[in-house]
Amino acid sequence: MHRYRFILFRPLQFLPVLFGISVITFVLVRLIPGDPARILLGTRATPTAIANIRAQYGLDEPMWVQYLYFLKNLGAGEMGKSTLYKIDVLRLIATRIEPTLALVATGVVLALLIAVPFAAISARRQGTLADHAVRVVSTAGIGFPSFWLGAMLIILFSVKLDWLPVSGYGETLGEKLTHLVLPGLTIALSLSAVLTRSLRAGMVAGLGSDIATAARARGMPEGVVFWRHVVPNALVPTVNLLAVNIGWLIGGTVVVESVFAIPGLGQLMVRGIFSRDYMVVQGVALAFACATVLINFAADIITVALDPRVEM
Amino acid sequence: MLVAGLGILAAFVALALLAPWAAPYDPIAQDGAARLLPPSLLHPFGTDNFGRDVLSRVIWGARIDLQIAVIGVVFPFLIGTVVGTLAGFFGGWIDAVFMRVIDVVLAFPFLVLMLAIIAILGPGLSSFYIAMALVGWVSYARLIRAQILVLKTQDFAVAAASLGFSRARIMFRHLLPNALAGSLVFVMSDAVLVLLNGAAISYLGLGVQPPIAEWGVMVAEAQGFMTQAWWITLFPGLAIVVLAFGFSLTGDALADLMGVRE
Numbered sequence: 526m527h528r529y530r531f532i533l534f535r536p537l538q539f540l541p542v543l544f545g546i547s548v549i550t551f552v553l554v555r556l557i558p559g560d561p562a563r564i565l566l567g568t569r570a571t572p573t574a575i576a577n578i579r580a581q582y583g584l585d586e587p588m589w590v591q592y593l594y595f596l597k598n599l600g601a602g603e604m605g606k607s608t609l610y611k612i613d614v615l616r617l618i619a620t621r622i623e624p625t626l627a628l629v630a631t632g633v634v635l636a637l638l639i640a641v642p643f644a645a646i647s648a649r650r651q652g653t654l655a656d657h658a659v660r661v662v663s664t665a666g667i668g669f670p671s672f673w674l675g676a677m678l679i680i681l682f683s684v685k686l687d688w689l690p691v692s693g694y695g696e697t698l699g700e701k702l703t704h705l706v707l708p709g710l711t712i713a714l715s716l717s718a719v720l721t722r723s724l725r726a727g728m729v730a731g732l733g734s735d736i737a738t739a740a741r742a743r744g745m746p747e748g749v750v751f752w753r754h755v756v757p758n759a760l761v762p763t764v765n766l767l768a769v770n771i772g773w774l775i776g777g778t779v780v781v782e783s784v785f786a787i788p789g790l791g792q793l794m795v796r797g798i799f800s801r802d803y804m805v806v807q808g809v810a811l812a813f814a815c816a817t818v819l820i821n822f823a824a825d826i827i828t829v830a831l832d833p834r835v836e837m
Numbered sequence: 303m304l305v306a307g308l309g310i311l312a313a314f315v316a317l318a319l320l321a322p323w324a325a326p327y328d329p330i331a332q333d334g335a336a337r338l339l340p341p342s343l344l345h346p347f348g349t350d351n352f353g354r355d356v357l358s359r360v361i362w363g364a365r366i367d368l369q370i371a372v373i374g375v376v377f378p379f380l381i382g383t384v385v386g387t388l389a390g391f392f393g394g395w396i397d398a399v400f401m402r403v404i405d406v407v408l409a410f411p412f413l414v415l416m417l418a419i420i421a422i423l424g425p426g427l428s429s430f431y432i433a434m435a436l437v438g439w440v441s442y443a444r445l446i447r448a449q450i451l452v453l454k455t456q457d458f459a460v461a462a463a464s465l466g467f468s469r470a471r472i473m474f475r476h477l478l479p480n481a482l483a484g485s486l487v488f489v490m491s492d493a494v495l496v497l498l499n500g501a502a503i504s505y506l507g508l509g510v511q512p513p514i515a516e517w518g519v520m521v522a523e524a525q526g527f528m529t530q531a532w533w534i535t536l537f538p539g540l541a542i543v544v545l546a547f548g549f550s551l552t553g554d555a556l557a558d559l560m561g562v563r564e
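Protein chains in written order, with the working numbering: chain A, 526 to 837; chain B, 303 to 564.
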């Protein structure tokens, strides 16, 4: 069990990072020129509201005291009010988590469904035309802008073929699933380009490994050797790769949500920027950063669970 | 591979430099009689909803998007190189402070932190460059620092120190040139990310502003006309894909040439 001991101690290492995240998000909003009370409340705030917010955030105190007020409010689950939606930022964020999570999950699942077969073809037929084709396409795929890919998928599958909805999210589970296909595919196509390269390298190494040679020596058919011994081992580093790329993946969902008008966190942030809803921008940035830290931690735990050789 | 990659990059540089002569039409001149025309001999990439020639706008867009890729890489590269060299060479508390800052910046999703900074500075290309410099340097700093940590213990560095050379001279004349190889390969893959980010931020309406012809802006403007005119969306995106492919090919070829593995 000592391999899992890092689960107890690692959170302590998060503290400086979480401190840094809170300082950056605090400073960002305070850097906006103008009266902070008006920035937080919008231009049409009443004098009482301004007096209240001055007290709540300690706006007449020195900057470092204001930061402590900010922390105290955060600790109480108080992230301010959205000037656009007129509700608590924390509650607003909570309602927007589901579409973003569903989008990321769809994207990752579809990306694996695309990347594993292509990496397999490429690794098992090294040096053939198919291998070269997969490598060229995955190199080019990294440079596909997600906003353009999404728009092209809409033109093809929604406008020309009329198979899937153009945009939006829907209410029922069935509606949500059909609305998630194209945005999920947009993310998956970009992501699978990254995954294919790494999976191919893992599979090539696995095919030449002692495990594979030993399995072949026992008379195991090549197909079984590949799918039972090579592929699972090649998938382990993928967990880490996904975690390393989670920031990039979240950035992708921010753009894709805007393309497909999906009411997730990314769309909330982009609209917040346009409507100068700074508490929302601050809250979403904070939420995304904390999620990134947690996901990396979770990936470490999964890697330790999957691979008995790994020590953290 | 190197020839193909550099060829693509050279072609885009040529297009950008020669845009006034290469583009058949004025990129922002509107023509009410030529709205939403499909690709034809007269307009090879068709026209948009203002009757502007899409080919000409794609060619002029090369100027802006190449500039985004270059400026968006240069400042993070310079800042990251200096920070990474100092942190790796001096170690101790300087290193510790910089590494903590890097951890925090890396905790934020790249695009999210950029958007948050742009939210404060206000939309525009210069805000994009500032945000890029503030966020992008960390990858370079980490790369260079790791190289310097290894290099500074090697014989040539120890020899330089025992000859009494100044620390600045050892850092920037002896260690840094040897540390740069890896980051030059990274520059190419970073250029792809910067190009995609710059275009995406412009697509969102927070970077380059219309009517300037920039590929991300063009895709954004095309979105209202997706049902009628696929060509306004297709061609600017293809330009991004091809330019990004040029950077990727060049990067892969350089990595093979220099024996660097990322």
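Heads up, a few of these hints could be off.
Claimed, not checked - Residues of chain B placed beyond 10 Å of chain A at every Cβ, according to the derived structure: (1) A312; (2) L338; (3) R402; (4) V407; (5) L413; (6) A418; (7) A421; (8) V452; (9) P479; (10) S491; (11) V521; (12) T535; (13) P538; (14) I542.
What the hints assert, rightly or not - If the Cβ cut is set under 7 Å, some of the chain B residues that face chain A in the computed set are: (15) M303; (16) L304; (17) L308; (18) F412; (19) N480; (20) W532.
Keep in mind that the hints were calculated from the coordinates and are not lab data. Beta carbons: idealized from backbone N, C-alpha and C, even for Gly.
- Violated hints, by number in ascending order, as checked against the structure: 3, 4, 5, 6, 7, 10, 11, 12, 13, 14, 15, 16, 17, 19
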